[in-house]
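Novice: Here is how the chains run, residue by residue.
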Amino acid sequence: MFRSLVSPFTRTNKKLLASFGSQRFISNAITSIHYQPPLAAERKRVTLIPGDGIGPEICASVMGVFQAASVPVDWDIFEIPQGSAPGQVSQDVIASISRNRVALKGPFHTPLLSNAPSRNLELRKALDLYAHIVPCQNTHPHKYKVRHDDVPIDLVVIRENVQGEYSGLEQTLVPGVVQSLKIVSKESSERIARFAFEYAKIEGRKKVTAIHKANIQKQTDGLFLDVCRSVAREYPNIQFNDMIVDNCCMQLVMRPDQFDVMLTPNLYGNLITNVGAALVGGPGVCPGVSVGHKVAVFEMGSHHVAADIAGQDLANPTGLLLSAGLMLRHIGLDSYANIVEGAVRRVIADGTVSTSDMGGRSSTRQFTQAVID
Amino acid sequence: SNKTSISSLFKTVGVSVSKRYFASSSSQHRVTLIPGEGIGPEISDAVVQVFKAANVPIIWDKVEVNSQTGVSDAVIESVNRNKVGLKGPLGTPIGTGHTSLNLALRKKFNLFANLRPSVSIDGVKTRYDNVDVTVIRENTEGEYSGIENSPVKGVAQSIKVSYFH
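If you read the protein sequences in the order shown, they are chains D and L.
Each number in our numbering comes from the position in the first sequence (counting from 1) with 828 added on.
Each number in our numbering comes from the position in the second sequence (counting from 1) with 551 added on.
The hints are simulated quantities; they were obtained by calculation from the structure and are not laboratory data.
Heads up, some of the hints might be wrong.
[To be verified] Only pairs whose alpha carbons sit at most 35 Å apart, straight line, appear in this in silico DSBU-like list of lysine-lysine:
| hint | chain 1 | residue 1 | chain 2 | residue 2 |
| --- | --- | --- | --- | --- |
| 1 | D | LYS1034 | L | LYS704 |
| 2 | L | LYS704 | D | LYS973 |
| 3 | D | LYS953 | L | LYS711 |
| 4 | D | LYS1035 | L | LYS676 |
| 5 | D | LYS1122 | L | LYS711 |
Here chain L stands alone, though its shape is the one from the complex:
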């Protein structure tokens, strides 16, 4: 089944997944919820409501990540404990301001693989039908190293680093 294969994939990459996640529905699971910014709180709330209506056995650990709090100890502790999180979008100011909180989360928890399935949805008409593509994106290094400096006035450089694991 789908659940078994994803679970074994996660195991091979070293993520320990408690068997309880796939146990009977009577046990409750704790999931970290990061509502995010912008439309984040609204859409997260929609998920919470739908889950509640469907009696999904999940308890949400709601934690805030924003430009004031950054990635706080409470967030780190929650994610480390629950191992699963649901997150809304986090914006990053352009040119100045704080560095990306998305990046901070990825680095903190070494979220090296970003999985984006793009599957056509019934009822959403687009120019291509029957799309079924998954992008797997390396998510902690490369151009997003955040290593930038200005060696001379008027010149900026950014270092893209790749590690062979």
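One chain only, chain D, in its complex shape:
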């Protein structure tokens, strides 16, 4: 299966791109490879996985907004409770997502300090969701205050999502000594690098920055960096630079406006997407999508479960609503995407109704209602 995914990228470039819809425009040629423009009455099926914590509430918010806008989407809903053994993400779910090619999902909570396997990881591995994209922008008008509002931030984190530190290969060597294996392969590095550069090209982005710690991890991160550099040579119109992850964190806080597309391995990407989200308003406002070869799973940019506010009608559904907007573009329902995203942006720009993370006191339902109105 892996070989078929990695077959010559030159010919699968368009397929790669077709698996992720552009936030702005997709050339018709690319769209038509996977999706025909929908007929007037055609409805789309999307797999919906509410998840834990605030997941069910924000998913309900999306469903409500879609219903109000008469979006022609039907939901295949699956609950995936936390189990204690591997294999929680059942074949039904995988089959549904593979068939529908699109899913919307809430966050999963992976318990600390227990051997319970991560459902996020299982889903990623089963569907080979190798790219995680989180756009972090503060350029849309908003009334909530963020400390970095005085600099324009428009960065996109593209994170390798199945390899690296998240191999899950851990063992106790002898009592008191534990080891974890970080695996990096040329093929995985190449496909995420190509994805990032193709994304940059289609979106008209000017620069890709690879993040690494190749001074210390010379072979693993060194391999990643080498591959990024060689892919960069094939895109001479896109500027490429690299940055060590510790300096990158400092730069994100001090000068975030220098970043455009950030191409990162797994763990660093996890940290950097969280910092990126914090720079522009927190976990509630960033959309995110995990992309596999033919599948796209839309979710919040930072996977915060927020169990402490779950069920209390306090969660901010913006991130998931914007992600749902990206999803609509991806499946060719651009006009509906415009309606949904436009409504969310208008409510945020207006600022009268905003959830507590944006400085207001409205509830999830009130916010959703405002978007609907």
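Put chain L on the given structure of chain D with help from the hints.
Specialist: Chain L alone, transformed into the frame defined by chain D:
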């Protein structure tokens, strides 16, 4: 006082600290100085000058650590004798080249705790005021084990090791 508490902290982690360090200012103390690379020599020189102007009773044992000399016997002997060092930055080449000299120093002297206080400085305006955070970072193991290999062509692996002490 601050000095007493840090001294007792160092004692509990097994670092023997001579009482002379907190004695009267008439006795001289020897401190290993590693200027480092890049801006290291300049900023180290600034410290030396300021200390001299303030008549600080410190004698510097200046030793070099760089990509040519590595961590030499002279450096090891100096640090072991003085127990205190001041060090400028040391860079590590990316992807190839020698392994980190910072790591070598940490492993050699088992510098397992890295202490980084981040305190807002008067006159340096940043987005957050009144920051007072200290990061204590485990500094000898974990992802920086330096144990890497390539099990098959095109695949590299790095081993993160954690020991329970």
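Novice: Confirm or reject each hint.
Specialist: Right, here's what the structure says about each hint:
no. : hint                 : verdict
1   : LYS1034/D - LYS704/L : 33 Å, holds
2   : LYS704/L - LYS973/D  : 50 Å, violated
3   : LYS953/D - LYS711/L  : 22 Å, holds
4   : LYS1035/D - LYS676/L : 30 Å, holds
5   : LYS1122/D - LYS711/L : 33 Å, holds
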